[in-house]
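Sequences are here, hints too, so could you generate the full structure?
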Amino acid sequence: MTSSPEDRANELRELFFESATELVQNLNEQAMHLEKAPGDPETLRSLRRTVHTLKGDAAACGFRELSELAHEFEDVLTLENPAATPLVPDVALRAADVFTGLLEGYRLKKKLPNIEPLRLEIARLAHPGSNGIVEKKPAKRASPVAHWSEYERMTVAKAVAAGKRVYHVRVPLDPQCAMPIAARQMIKVALSALGEVLALYPGDDAPVTRVEIALSSEKSAEQIRAKCRIPTIAQNPRVTLWQGNASAETGAVAASTEPATTSPSVPDGKATSAPPEDSAPATAVPASDNTLRVDTEKIDNVLNLVGELILAKSMWQQMLHEFARRFPKDDLHGKFSDVMAFQARALNDLQRSVMKIRMVPVEQLFRRFPRVVRDVARQSGKDIELVVKGGDTDLDKRILDALAEPLTHLVRNAIGHGIESAEERARAGKRPQGTLRLNAYHQGNQVVIEVSDDGHGIAVERVRQRALSQGLLSVEEAAQLSDAETLDMIFRPGFSTAAEITELSGRGVGLDVVQSVLDRLKGTVQIETEAGRGTTFRLRLPLTLAIIKALLFGVERRLYAIPLNSVVEIARTFEDEVHRVENYEVLQLRNQVLPLLRLGAPPDPGVESAGRKIFVLVTNSGDKKFGLIVDTLVGEEELVIKALDDQSISTELVSGASILGDGRVVLILNLMALVERFTKARGNAADSRLAGVLRAGTELAPQARAIAGGQA
Amino acid sequence: MEQFAPVKRSEDGQPVRYLIVDDSVFARKNLARMVESFGGQVAGEAGDGITAISEYDRVTPDIVLMDITMPQMEGIEAAEKIVREHPNARIVMVSSVGYQENIVAALQRGARHFVQKPVKPEVLYEVIKYVMRDDGAAARSAGAGA
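Line by line, the protein sequences give chains C and S.
No gaps in the numbering here: position 12 of the first sequence is 11 in numbering that gives the first Met the number 0, and each next residue is one more.
No gaps in the numbering here: position 51 of the second sequence is 50 in numbering that gives the first Met the number 0, and each next residue is one more.
Hints are computed from structural coordinates only; laboratory data are not their basis.
Please note that the accuracy of each hint is not assured.
As the list claims (entries may be wrong) - Only pairs whose alpha carbons sit at most 25 Å apart, straight line, appear in this in silico PhoX-like list of lysine-lysine:
(1) LYS28/S with LYS119/S
(2) LYS128/S with LYS218/C
(3) LYS116/S with LYS187/C
(4) LYS187/C with LYS128/S
Here the structure is a predicted model, which is why all the values come from computation and not from measurement.
And the structure:
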């Protein structure tokens, strides 16, 4: 494969953003872990490693602000200053936010966020208790001797008293120097060659941005200065002779000190003179050598090709039938069958393997929530525990990515509106700490993701009133809706029960975003709520969007399919077994009464149809069971879904199309939409409601055929 | 590669002679190329600490460029042993950032300087100039108090 240098650079950039986002996420997690386990050395170490890697990567890509900030932060972390430890989590979280802002700024070439506040916070970490600016002010260094221990001060005083020449040597470290502690050692070694080091600052528990040494030496100040000009480590040493008593010393020192020399920030001139990529450490290697980063588009391509192969497989099968019919006695038939069985098996494995590549654990999505919960809980002054389960459940990456927004919405909503304040909870006799649960698990061919809170639940009556007052429902409609249907109103655009839209949960957008995303993903959302006990939002999603196992059936000589996993059973019955209850057609199935949904036209009343055989597909959509009346059953098949664009299909009843081996087009029905259309229609007394919901959809078939055929 | 004004030995104006110690052949070649561009001469190479010591005895170089992580004997130990035998040995540690503690240890045991990997020629050049400027008496007492 050939690629231009720009391509390579872009690829690298993309890789950087991807891994940096991951690193910032790690930072978030480590910071929150530290909040729970303050000062945990292992976490502190990983935190430092994360910041370190981020620094190196950012430097290599030439993102100066990010690499500098990370550098400063790393330095402070390196000190392992116990007094600063309690402050680390907060600063790390702030850093994660600022880093995210910087990354976004870099990526979209937008204005970068202000990094100075964070910079101050980081500096403050170096000297807890100070206001962070101190570092830059000469005032702090008016009494540098104060840095030194009692013992060191005594040693200096003794040496001065003994008439020795004692120099105060201040060496600012080169900000590009990645190893300040080694640098300190280097300076100490260099100065030891000229005399005796009486005192050394900083010690082991302070930041090393400069080194101050009390040196007893017979050499001249100029010689000492020369010795301290160590390439890559220090440039501008300041050497003053110590004389007289202690107060005079400090005065002299203060007077001779220039404010800017030890500023923790990198002076602009210097930073630009050294190309940023130079400071990229060699240690910034990807976490695992066995991992390959691949553009999802490439995997999609492979998956599409697999789809085509599956289509080819069914074409072969068709041919084989034809062959068997024409040459029933030819023994080549058996050989063909063997080869095809082998091919089918390989194809199956291939498909499964490719699908597996697309699958990622839900963990990747869940891991962002501890931070969200923490922040939202803080903002709303609530104490909330997040319990996450089933993070290892696999889900198609595309679905996972699309879920981020709705899930965040639900979580914010649960904390903002679902869970009560501690006082309210106490009044209701609950634990003051609210619990938010995220849970994921496989169910059949679906993934279920639940967001549950133990709050006050959703008052159905309030939802009804609200929907009425907002004009989303007419009075008649409101009266007819079941509780579950009423609850679904909260997903309607424009619906809001909160008195005001809070920054927390609302962000000005309603929960309708949840519904619309799930529609797009061919998923469903279902609400379960109990007054005083809490609410669960249950999201059901297909494992993948590309290939489904489907049940094929015919209605009015057209071919349709529904996902096989939504079919509970198939009942065979006669037309006269179908009863009418109110406006429903129902079927008594064992001891259950099953509402029926007639896809085709109802039997002509005049014609004798009572004995006509029909099939009823018992389906499960959400928690509702429905029977679909169909004319013929065709069979099971794996369908490679060809997406239909909005122009070719204007009905929500059809979610996609596929092509069979013989070239026939199948429309894949959207069960949820069918059921919804059906329940809506029952209010109208007109008989047309029974006249087959699908009739409108069928007209689209030729058009869909053209589309799907064109893509094959 | 960039050209540098040659660094000469101050005592006799002869080219500086180097011993390059690294277990990676690539790293050795890379460093050799650099020091040659400084007008230096590669007097010897070693891929591990033990060979480094014997090579030092054999070629008595002006400067040793010493990697830290190596098989058999690590750079720090080799540096320590060389300095014990030859107090005037000028040893420059070459290492990645992650090995800061090891560099501190090497400096305490008598190494003169360190450069960070990946080594940049202009940095190494400055370091070499600095180290060569030293009078032989330099770090003799350095290890003591550290």
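In ascending order, which of the hints set out earlier in this document are inconsistent with the structure? none
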